[in-house]
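We have chain C already, so just place chain W on it with the hints.
Heads up: the sequence lines are chains C and W, in that order.
Each residue of the first sequence is one higher than the last, beginning at 14 in the working numbering.
Each residue of the second sequence is one higher than the last, beginning at 14 in the working numbering.
Honestly, the hints are just simulated from the structure, not real lab data.
Be aware that one or more of the hints could be misleading.
For chains that are exact copies, the list does not tell them apart, and a pair is met inside one copy or across any two.
Unchecked claim - Calculated lysine to any residue pairs in the SDA-like style (CA-CA distance at most 25 Å, straight line):
no., residue 1, residue 2
1, K176, T159
2, K176, R109
3, K92, E181
4, K92, E128
5, K135, A116
6, K176, I31
7, K96, N56
8, K166, L97
9, K89, P171
10, K176, D61
11, K89, V137
12, K89, V48
13, K89, H101
Protein chains: 2
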Amino acid sequence: MEGRGATRIMIGVNESTIRGYPHASISSRGAFEWVLNKIVRSNTSGFDLLFLHVQVPDEDGFDDMDSIYASPEDFKSIKHRDKLRGLHLLEYFVNRCHEVGVACQAWIKKGDPKEVICHEVKRVQPDLLVLGCRGLGPFQRVFVGTVSEFCQKHAECPVVTIKRSAEETPQDPVDD
Amino acid sequence: MEGRGATRIMIGVNESTIRGYPHASISSRGAFEWVLNKIVRSNTSGFDLLFLHVQVPDEDGFDDMDSIYASPEDFKSIKHRDKLRGLHLLEYFVNRCHEVGVACQAWIKKGDPKEVICHEVKRVQPDLLVLGCRGLGPFQRVFVGTVSEFCQKHAECPVVTIKRSAEETPQDPVDD
Numbered sequence: 014m015e016g017r018g019a020t021r022i023m024i025g026v027n028e029s030t031i032r033g034y035p036h037a038s039i040s041s042r043g044a045f046e047w048v049l050n051k052i053v054r055s056n057t058s059g060f061d062l063l064f065l066h067v068q069v070p071d072e073d074g075f076d077d078m079d080s081i082y083a084s085p086e087d088f089k090s091i092k093h094r095d096k097l098r099g100l101h102l103l104e105y106f107v108n109r110c111h112e113v114g115v116a117c118q119a120w121i122k123k124g125d126p127k128e129v130i131c132h133e134v135k136r137v138q139p140d141l142l143v144l145g146c147r148g149l150g151p152f153q154r155v156f157v158g159t160v161s162e163f164c165q166k167h168a169e170c171p172v173v174t175i176k177r178s179a180e181e182t183p184q185d186p187v188d189d
Numbered sequence: 014m015e016g017r018g019a020t021r022i023m024i025g026v027n028e029s030t031i032r033g034y035p036h037a038s039i040s041s042r043g044a045f046e047w048v049l050n051k052i053v054r055s056n057t058s059g060f061d062l063l064f065l066h067v068q069v070p071d072e073d074g075f076d077d078m079d080s081i082y083a084s085p086e087d088f089k090s091i092k093h094r095d096k097l098r099g100l101h102l103l104e105y106f107v108n109r110c111h112e113v114g115v116a117c118q119a120w121i122k123k124g125d126p127k128e129v130i131c132h133e134v135k136r137v138q139p140d141l142l143v144l145g146c147r148g149l150g151p152f153q154r155v156f157v158g159t160v161s162e163f164c165q166k167h168a169e170c171p172v173v174t175i176k177r178s179a180e181e182t183p184q185d186p187v188d189d
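If we strip away everything but chain C, and leave its shape as in the complex, we get (with noise of 0.2 Å):
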């Protein structure tokens, strides 16, 4: 059953919203821990990893309030420190993969995760795509919105979704 083609999959990624960068968001641990346990196992040249990260642009611009903008550099300076935040959650993936030896590639792009999302696995045709989740109750999913529900719906691939475990999920559940 070998010899077809690597099966690819990817997984969807970001960071977390309490540790800050580079630190990946618990769901994206949890999910991409399971791809390597429970899916690649010890055949690790059967499969080919895709890590998709999406930056969400900053809408209110919180994050820049004591910034000071004096010339078009200082805006080059803004998204180059965006892309190295990327680069940094990355990096943390691409590098277990390295260490336990499943070939994988990584990129970045900008807009709303669950479009982008959709859009990629159109573009590239993964076998499967792996969202973590937060596992939130149906009241706190009203005002959060959940990308996996939209990609389960949208994405023209299998999909599956992992939520973190009880002894994971933090304080506020809305964290990650």
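Below, chain W without anything else, positioned relative to chain C:
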């Protein structure tokens, strides 16, 4: 990464609505082949496949219109026949697993498929539940209801739904 026990994948299977027993439905076969080709691959010792077939009690008794019931024995023979049907279905999947060399178990339950599947997930605790689905549009779905949507929400393990490919869809997409 091996040695922690095989990854246990539960696959919900049902019979074809167009070809009759003992033929597996298009979507069941699709889900099974996806698991073999994309997940198990050459690592047959790393996985244990668990086939669950839920038999729906015949609500309107249409299948039994031509039967005459004269003694308790007549009812026993119906139950026996139903059981045989389910066994033929499971035999298909167990035979394929045997050919490929992957460990498996298969069993039959009676009831509402979506509820029985979620109950069996709770009892058996697989690492992943795989369901085939017909890939109906929203209009068709309203009338048919989908087991996979229910299980995505309520099953206590990760769930992946494998849609039939377009070329395998029968003329009436509600058939399977």
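Do the hints match the structure? See the list:
1. Taking the shortest alpha-carbon separations for K176 and T159, both the intra-copy value of 12 Å and the inter-copy value of 22 Å come in at or below 25 Å.
2. For the identical chains of this complex, K176 and R109 are intra-copy neighbours only, at 21 Å inside a copy versus 32 Å across copies, given an alpha-carbon limit of 25 Å.
3. Taking the shortest Cα distances, K92 and E181 never come within 25 Å of each other, neither inside one copy (32 Å) nor across copies (47 Å).
4. Within a single copy, K92 and E128 get their C-alpha atoms as close as 21 Å, which meets the 25 Å cut-off; across copies the closest is 50 Å, which misses it.
5. For the identical chains of this complex, K135 and A116 are intra-copy neighbours only, at 21 Å inside a copy versus 34 Å across copies, given an alpha-carbon limit of 25 Å.
6. For the homomeric pair K176 and I31, the shortest alpha-carbon distance inside one copy (18 Å) is at most 25 Å, but the shortest distance between copies (37 Å) is not.
7. Taking the shortest alpha-carbon separations for K96 and N56, neither the intra-copy value of 33 Å nor the inter-copy value of 38 Å comes in at or below 25 Å.
8. In this assembly of identical chains, K166 and L97 lie within 25 Å of each other by CA distance neither inside one copy nor across copies; the values are 32 Å within and 36 Å between.
9. Taking the shortest Cα distances, K89 and P171 never come within 25 Å of each other, neither inside one copy (38 Å) nor across copies (42 Å).
10. Both within a single protomer and between protomers do K176 and D61 lie at most 25 Å apart by alpha-carbon distance, with minima of 22 Å and 22 Å respectively.
11. In this assembly of identical chains, K89 and V137 lie within 25 Å of each other by CA distance neither inside one copy nor across copies; the values are 29 Å within and 54 Å between.
12. Within a single copy, K89 and V48 get their C-alpha atoms no closer than 37 Å, and across copies no closer than 46 Å, so neither meets the 25 Å cut-off.
13. In the homo-oligomer, the alpha carbons of K89 and H101 lie at most 25 Å apart inside one protomer (19 Å), although the nearest pairing across protomers, at 66 Å, exceeds that limit.
In summary, the numbered hints that this structure violates are 3, 7, 8, 9, 11, 12.
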